[in-house]
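Residue-level listing of the chains:
There are 2 protein chains.
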Amino acid sequence: MKILHTADWHIGKTINGQSLIEDQKFILSKLFDAIKEHQPDIVVISGDLYDLHHPNKEAMVVLEDALSTINLELNTPVIAISGNHDGKERLNYGERWFEKTGLKIITGYDQLFEPIKVNDVNIYVMPYFTPADIRHVFEVKDIHTHQEATEFIVNKMKEVINEDETNILIGHLFVAGGESTDSERPLSIGTIETVSAQTFDIFDAVLLGHLHHPFAIQSDYIFYSGTPMQYSFSEANQAKGYRLFDFGHKSFKQSFIPIEPRRAFQVIQASYEDVIHEKLDIKHRDDYFHFKLSDMDHVTDPLMKIRSIYPNTLQISRQDYEVANDEIDVDVHTLTDLEIIESFYDHVTGEPLEGIKKEKIIALLENDLNKGAQE
Amino acid sequence: MKILHTADWHIGKTINGQSLIEDQKFILSKLFDAIKEHQPDIVVISGDLYDLHHPNKEAMVVLEDALSTINLELNTPVIAISGNHDGKERLNYGERWFEKTGLKIITGYDQLFEPIKVNDVNIYVMPYFTPADIRHVFEVKDIHTHQEATEFIVNKMKEVINEDETNILIGHLFVAGGESTDSERPLSIGTIETVSAQTFDIFDAVLLGHLHHPFAIQSDYIFYSGTPMQYSFSEANQAKGYRLFDFGHKSFKQSFIPIEPRRAFQVIQASYEDVIHEKLDIKHRDDYFHFKLSDMDHVTDPLMKIRSIYPNTLQISRQDYEVANDEIDVDVHTLTDLEIIESFYDHVTGEPLEGIKKEKIIALLENDLNKGAQE
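Top to bottom, those sequences are chains A and B. Just so you know, UniProt numbering puts 300 at position 300 of the first sequence, and the rest follows in order with no gaps. Just so you know, UniProt numbering puts 169 at position 169 of the second sequence, and the rest follows in order with no gaps.
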């Protein structure tokens, strides 16, 4: 039984105001090609189909097109679950019609303990939930962590599972030890989000979404597909693609298959002058760039200038001013204003404050700031 | 061929902060009963299924439930079009699956000139559009009114229509001479929204939405179903329900069938004291009330007091201060401030300003207002 496993499409995502929708359409077309090539029995999408609970019109059209291409044109059954980015009601709107053609979008709790049988394989589905969701839905107390919530559900799955058969779990969660990137939603304050790998040891395979790195966890039965494309500069150089599983009885083979994006995310560390004078070895000017630049003291409006060469530059950082993580040891009560500023300048630039810069600061302190204080 | 015709559900509508969703669920259950009873070949919904382009989760669940009850449980085909309140992409999300079970939700222009054949009847569909939509989609100039836009479309329909067969049009528009209420969206500024009845004379019957009154137009071939329930106090005492059509060859019978709401909208004109002392003959205290009250000079927080008796009071107007439409003939240049206020008070209350009220006004003018002017 062949499964094509993907997750975290984040349809509708923007980065620094740049819509990625054309990149997403492109990468989805690559997924369609993969489905045509590998002819899986089923496509699994492990959550975060949308980037927002309230997707815009364009995102809805792209998702509907993708699901209808896979399910109606390529005649491939689909099991998708909701992730933390998906609005449940919006994601599964129409489900009663979808399921007639084998498109299952699962966002609720009705089907947790009734696995979906595909050939001889039992597929358990676990849409994203919070500890509070589980407390509320199952009317239980004392569930405060994702570990406790997930264990609660898995323990109830254990009551129905037939361990002589092949059992798969589809989930959207953070397995302990997994490696995260900037583009997953920040952890809820005060909530421990990780779930231990051992929690899932009754399953033959666990096909996950949530973490964006396809190798976020090293395990012989727990797998992330990763995002189909890069979604932040911390994912630059990460392989992106999908996984293929081939299940036999209590056994399987799997592989990660990379796909090339329309535009890669690249982080370039260089001097401003080298970038502007095109001294860098950059093959695809249309890629998405984050330039970390030095020697920018006298540069104004660098983004406009750099975009005239690299139009999809999304971010520029002034490397000069990148503050180290150590703290400044300054006693603000005993030092003068000028001494505090000198200390700060030295800390972030590694150079003493002197010459015209120091004069400007002194003038500023004496004239403008003090004048303000007298009014 | 039997059609049950309804329109303008406005799922998700609120009035003065009061959600009507429970009333809407109730009235939809009555529509389900009607479908079970009359067993129509098709249900027609002539636009404005939602009240808002961005319906909330609850509204989406109610609409999905209603459509699945009619289409999947009662096995009844449905043709719905978008109205001016519907967001096209949200309303027809899932359409490629819906149409497999005979649920057609038409929001675009692809099907305008390809009528849907149901038994021997050709059903033409015309979702709501603006003149600008038509200019844009059909790349034509010189279309500036709804009359011109609708004529343009109907003229193209004329090219394909077979007048020997029975032809129906489903639309969402304002037929000239129709009677409007407060709860239709205000007309666009500068746009003449009405379309003449003659525009539709090639059709055997026109089943419309948009106007909320089921008898908004007197015609032997153009019909509004009206809203299934009252949606404003200007619709108090309006019959609400649905229409049943029975089509033969180039002929039909039709009737309007009223349904009782969970709560009626009532406008009550009375003195505040009579309301508070329950001297009125009001049968259903749970109805939605707009009280137009007199004798409220000394009343504070009347809404709270009245709601303790009539909990679903949505609106209170002070009848005393209802200003007549005639103008006050006062020369503000020659009168004193006090004289202007006396004149205004007399105009709106029909009584002279005197006693404690006059003293208060004088004190206000002398102390507070003049003091403010000196600072």
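Please keep in mind that the hints were generated in silico from the structure rather than gathered at the bench. Hints should not be assumed to be uniformly reliable.
Said to hold, decoys possible - For lysine-lysine, the following DSS-like pairs were computed, each having C-alpha atoms within a straight-line distance of at most 27 Å:
| hint | chain 1 | residue 1 | chain 2 | residue 2 |
| --- | --- | --- | --- | --- |
| 1 | B | LYS25 | A | LYS100 |
| 2 | B | LYS250 | B | LYS279 |
| 3 | B | LYS25 | B | LYS36 |
| 4 | B | LYS158 | B | LYS141 |
| 5 | A | LYS141 | A | LYS36 |
| 6 | B | LYS283 | A | LYS100 |
| 7 | B | LYS57 | B | LYS104 |
| 8 | B | LYS100 | A | LYS25 |
| 9 | A | LYS36 | B | LYS100 |
| 10 | B | LYS253 | A | LYS57 |
| 11 | A | LYS88 | B | LYS25 |
| 12 | B | LYS100 | A | LYS57 |
| 13 | B | LYS100 | B | LYS141 |
| 14 | A | LYS104 | B | LYS253 |
| 15 | B | LYS158 | A | LYS100 |
| 16 | A | LYS57 | A | LYS30 |
| 17 | B | LYS141 | A | LYS88 |
| 18 | A | LYS2 | A | LYS36 |
| 19 | B | LYS117 | B | LYS156 |
| 20 | A | LYS100 | B | LYS117 |
| 21 | A | LYS25 | B | LYS156 |
| 22 | B | LYS2 | B | LYS25 |
Report the numbers of all earlier hints that the structure fails to satisfy, in ascending order. The structure breaks hints 2, 5, 6, 10, 13, 14, 15, 17 and 21; every other hint is satisfied.
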